[in-house]
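Line order of the protein sequences matches chains S and F.
Mapping of the first sequence onto our numbering: residues 430 to 699, in sequence order.
Mapping of the second sequence onto our numbering: residues 3 to 119, in sequence order.
Some clues are possibly wrong.
Between beta-carbon pairs, the in silico distance windows are [as the list claims (entries may be wrong)]:
#, chain 1, residue 1, chain 2, residue 2, range
1, S, 520, F, 13, 27 to 37 Å
2, S, 563, F, 113, 27 to 37 Å
3, F, 105, S, 659, 20 to 30 Å
4, S, 531, F, 12, 48 to 58 Å
5, F, 19, S, 538, 22 to 32 Å
In silico lysine-lysine, DSSO-like type, Cα no more than 30 Å apart, as pairs [unchecked claim]:
#, chain 1, residue 1, chain 2, residue 2
6, F, 15, S, 498
7, F, 23, S, 506
8, S, 498, F, 23
9, F, 106, S, 498
Think of the hints as simulated: they come from the structure by calculation, not from any bench.
Ideal Cβ positions, reconstructed from N, Cα and C, are used throughout, including at glycine.
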Amino acid sequence: MATRASHNARRSTYGCLSVRTLIALFVSLALSSLAHAADSRKSGFDFMQPSTQATQLDDTQNPAMLWVKDGQLLWNKPDGSAAKSCANCHGEIARMRGVAPRYPAYSSAQKKVVNLSQQISQCRIEQQRATPWPFEHESLLGLEAAIAKESRALPVKPPEHPLLVEAQKRGTTLFNQRIGQVDLSCRDCHDTLAGKKLGGNVIPQGHATGYPIYRLEWQSVGSLQRRLRGCMTAVRAEPYAFGASELVDLEAYLAKRAAGMPLEAPAVRP
Amino acid sequence: MARTLITVPETAKAGEIIEIKALVQHPMETGYRRSSDGDMLPRDLIRTFTCHFVVGPTAASAAEAGELVFAATFHAAVAANPYLSFNFRATASGTLVMVWNGDKGFAQRETVNLRVS
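Start from the sequences and build out the full structure, keeping to the hints where you can.
See the structure below:
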């Protein structure tokens, strides 16, 4: 018999960083060299324990597949006052192949840059005329996971649009900006300190190639915005609200930063 | 909305040992954790899992007991959305009946047909 071990013990320790951890962090930050190799990019997958990697690689074990299954059922289910399913307009879900690697993208309907979950919500509200789902709703995550899964192994490929370029620029500024009482930027951790230990966790390079993910610590599937808000809380910064344009800007920059890397959604992360 | 993901080969040769995999959505709340408001979160665990095999070419009814293939007891140390895998020697066609029972009246029953040639 095989089961996954519990992460309950770790659940309570999540949140802010301890003083000891912080001192260690600043020492290694000071000692780190700022070497930038040509393509030394690595997925968060490469920083995980073999057992967690095995869970991601086997769809019969990956708990995110429960959400995918739900999303696949929703895809064919008529909803809203238009009584239409996603499939009525888009055909089989397999036709979504190639869509997820392009997000965030400029939406001419919404006249702004949106992420995949905001595009799904747009269709739910405007096309199906159904009641919107709140952020992190199980059904929304399920549809997003099912759509993203269709693009597995395809390279991240942000489209070209002047307004997307603007969003990426704003995202770059946010990524380099020091935040929170701990006064660290995303870049400090995910470029300079990547590969080093923080408490019990290895700091990954922060490439968002597997979203939405099943996170063992959450015991659930969650969005990239949930992940980013977690990083902000960890450095004692006030996280942006779900759906905030700043979070979409960061997502847009992360997609540019990970361009060419293969999509691995729905990934499993510690 | 309990959801399951069960993986069983559709067909097997008589005498073949097959692998059965079963994933179920469940929070597996230990009863030892507090909410962000400091209140104890009530225990909410799956307690037992059983898999029976009912021989016969048609789908088994809820009343048929069949032969016990595998059973497990769950405790607080098992992670949310527990995954099980176990083996079974297939000798005849029939139905695998899997049942999860737990706290708060949790009861989930799934059946899978197996064709043995």
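Quick rundown of the hints versus the structure:
The hinted range of 27 to 37 Å is satisfied by residue 520 of chain S and residue 13 of chain F, whose Cβ atoms lie roughly 31 Å apart. In this structure the supplied range 27 to 37 Å holds for residue 563 of chain S paired with residue 113 of chain F, their Cβ-Cβ distance being about 35 Å. A hinted range of 20 to 30 Å for the beta carbons of residue 105 of chain F and residue 659 of chain S is consistent with their spacing of about 29 Å. One distance hint, 48 to 58 Å for the beta-carbon pair residue 531 of chain S and residue 12 of chain F, is violated here, with the actual separation near 36 Å.
Under the hint 22 to 32 Å, the C-beta atoms of residue 19 of chain F and residue 538 of chain S, about 54 Å apart, miss the expected range. Of the pairs offered as hints, the one joining residue 15 of chain F and residue 498 of chain S holds, with about 29 Å between alpha carbons and a cut-off of 30 Å not exceeded. At roughly 27 Å between alpha-carbon atoms, residue 23 of chain F and residue 506 of chain S fall within 30 Å of each other, so this suggested pair holds. Between residue 498 of chain S and residue 23 of chain F the alpha-carbon distance is near 16 Å, which keeps this suggested pair within the 30 Å criterion.
Between residue 106 of chain F and residue 498 of chain S the CA atoms are separated by roughly 25 Å; this keeps the pair inside 30 Å, and the hint holds.
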